[in-house]
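Asks: Residue numbers (the working numbering): 1 to 388.
Since the hints were made in silico from the structure, they are not lab data.
As the structure is a computational prediction, the values presented were derived from the model and not from experiment.
Please note that the accuracy of each hint is not assured.
As the list claims (entries may be wrong) - Below, a list of computed lysine to aspartate or glutamate pairs in the DMTMM-like style, where the Cα atoms sit at most 25 Å apart:
hint, residue 1, residue 2
1, Lys-377, Glu-287
2, Lys-343, Asp-134
3, Lys-28, Glu-340
4, Lys-149, Glu-115
5, Lys-302, Glu-13
6, Lys-377, Glu-115
7, Lys-258, Asp-134
8, Lys-143, Glu-13
9, Lys-56, Asp-39
10, Lys-372, Glu-291
11, Lys-284, Glu-37
12, Lys-68, Glu-49
13, Lys-76, Asp-186
14, Lys-149, Glu-340
15, Lys-258, Glu-357
16, Lys-143, Glu-340
17, Lys-372, Glu-341
18, Lys-223, Glu-115
19, Lys-377, Glu-342
20, Lys-343, Glu-310
21, Lys-380, Glu-26
22, Lys-337, Glu-287
As the list claims (entries may be wrong) - Between beta-carbon pairs, the in silico distance windows are:
hint, residue 1, residue 2, range
23, Glu-37, Lys-284, 42 to 52 Å
24, Lys-373, Gly-221, 41 to 51 Å
25, Glu-161, Trp-44, 52 to 62 Å
26, Gly-57, Pro-4, 15 to 25 Å
27, Lys-162, Asp-87, 23 to 33 Å
Every residue gets a Cβ at the ideal spot worked out from N, C-alpha and C, and that includes glycine.
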Amino acid sequence: MRNPLSEKVVCIEPSGIRKFFDIVSEMKDAISLGVGEPDFDTPWHVREEGIYSLEKGCTFYTSNAGLKELRIEIAKYLNRRCNVSYDYNKEIMVTVGGSEAIDLALRAMLDPGDEVLIPMPSFVSYLPCVTLADGVPVVIELKEEDEFKLTRQELLDSITEKTKVLILPFPNNPTGAIMTRGDLADIVDVIIEKDLFVITDEIYSELTYNGEHVTIASFPGMKERCVLINGFSKSYAMTGWRLGYAAAPALILQQMLKIHQFAIMSAPTTSQYAAVEALRNGDKDVEEMREAYNQRRRFLIKALRDMGLEVFEPFGAFYVFPSIKQFGMTSDEFAEKLLEEEKVAVVPGTAFGACGEGFLRISYAYSVEDLKKALEKIEKFVNRHKKQ
């Protein structure tokens, strides 16, 4: 019998995050600081709107692009929060999470051999999605001394005649790094001069702690070069509702929508009704969750530094990315030993790219009580394994 499998798919490594959580799920009394999921419930008024939509019998397909009401609210949100104006009817579509939007954008934009620049460490899906779309991933290794930001020189050094797309993953998972207006201004002229397109993944845009989030799509000449991706999972604690969106020039969005039509049909109807309520009346919820995360962020950074760990200060998302190079272990070894000896699960930095070696991702999307318990165990581990 011939090989039934695609060589391209077989060669893609599975997510480096999952193996630790497969172990944790079987381990009694383990504490996990690894999952990138808010510990808050979806705000009640948002859940209530989803329930009400079911009670009214709104269980039909929506349009392929998503509910008109939701696309209108997304356009209003992007205008007031990001200072970018989009036509809800031609430039916005609703997707099954932000992850689907990433996949659609790459498949709609790439021809075989086109190069895609991926600053790493970053979200685990970018590289395999580029490969699945027949693109060529080109990794830009972000550096701790640059606060894991993409610099102008790094961008210039990575561009070739085949470069077509830059993925811009800020606020960043796993590092928590952000790009300020000044940081973005340094690379905008390069993008325009080299005729690049940008997929800007802004799923953590509401979780910034050092001023307002700035989107690169708001710079002159950039909206027509950008696919802006966002969603409801992180900002509104709606991970299980599986809802995201993309805003892009009509030329690009039309092709993304074509793939979506054939592969997905439409995003979940109940989730879309709930999301309308989230955008209309959820600003206070977002503010309260952001403040809680910020308190946890400061607490976690101080506690890790007090243990003697090197931690640059992240200003976005809900992760810290401490260095463990002083222990003489790989990131995998450190995470495995910590789980084995203290029953605390964190994610090795290498799960987000080879340049994540020597670091760990620790999430603070957990209660302060859970963080305190885990930190006590981490401190014991650190003290036991410090090099004399």
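Asks: Please go over all the hints and tell whether each is borne out by the structure.
Replies: Hint by hint, here is what the structure shows:
Only pairs whose Cα atoms come within 25 Å are accepted, and Lys-377 paired with Glu-287 is rejected, the gap being roughly 31 Å. Pair hint Lys-343 plus Asp-134 does not hold up; C-alpha atoms about 40 Å apart against a cutoff of 25 Å. Taking the CA atoms of Lys-28 and Glu-340, the gap is about 12 Å. The hint holds against a cut of 25 Å. For the proposed pair Lys-149 and Glu-115, the alpha carbon gap of about 21 Å is at most 25 Å, so the pair holds.
A distance of roughly 35 Å separates the Cα atoms of Lys-302 and Glu-13; the hinted pair therefore is violated under the 25 Å criterion. Proposed proximity of Lys-377 and Glu-115 is contradicted: the alpha carbons are some 44 Å apart, above 25 Å. About 18 Å separates the Cα atoms of Lys-258 and Asp-134, which keeps this hinted pair within 25 Å; it holds. With a C-alpha separation of about 24 Å, the suggested pairing of Lys-143 with Glu-13 holds against the 25 Å cut-off.
Taking the CA atoms of Lys-56 and Asp-39, the gap is near 30 Å; set against the 25 Å cutoff, the hint is violated. For the hint linking Lys-372 to Glu-291, the alpha-carbon distance of about 18 Å falls within 25 Å, and the restraint holds. Straight-line distance between C-alpha atoms of Lys-284 and Glu-37 comes to about 19 Å, which keeps the hinted pair within the 25 Å bound. Our distance criterion of 25 Å between C-alpha atoms is met by Lys-68 and Glu-49, whose separation comes to about 16 Å.
Restraint check for Lys-76 and Asp-186: not satisfied, since their Cα atoms lie roughly 28 Å apart, outside the 25 Å limit. The hinted pair formed by Lys-149 and Glu-340 fails the criterion: a straight-line CA distance of about 33 Å is larger than 25 Å. Only pairs whose Cα atoms come within 25 Å are accepted, and Lys-258 paired with Glu-357 is rejected, the gap being roughly 39 Å. This hinted pair does not check out: Lys-143 and Glu-340 have alpha carbons roughly 30 Å apart, beyond 25 Å.
With a CA separation close to 17 Å, the supplied pair Lys-372 and Glu-341 stays within the 25 Å bound. For the hint pairing Lys-223 with Glu-115, the CA-to-CA distance comes to about 21 Å; that is within 25 Å, so the pair holds. Between Lys-377 and Glu-342 the alpha-carbon distance is near 6 Å, which keeps this suggested pair within the 25 Å criterion. Pair hint Lys-343 plus Glu-310 holds up; C-alpha atoms about 22 Å apart against a cutoff of 25 Å.
A hinted pair counts as satisfied when its Cα atoms are at most 25 Å apart, and Lys-380 with Glu-26 qualifies at roughly 23 Å. Of the pairs offered as hints, the one joining Lys-337 and Glu-287 is violated, with about 37 Å between alpha carbons and a cut-off of 25 Å exceeded. Distance hint for Glu-37 and Lys-284: a CB-CB separation of about 21 Å, inconsistent with the stated range 42 to 52 Å. Between Lys-373 and Gly-221 the CB atoms are about 50 Å apart, so this pair conforms to the stated range of 41 to 51 Å.
Separated by about 54 Å at the C-beta atoms, Glu-161 and Trp-44 satisfy the suggested range of 52 to 62 Å. Here the CB-CB span from Gly-57 to Pro-4 is close to 42 Å, at odds with the stated 15 to 25 Å. Between Lys-162 and Asp-87 the Cβ separation comes to about 32 Å, which falls inside the hinted range of 23 to 33 Å.
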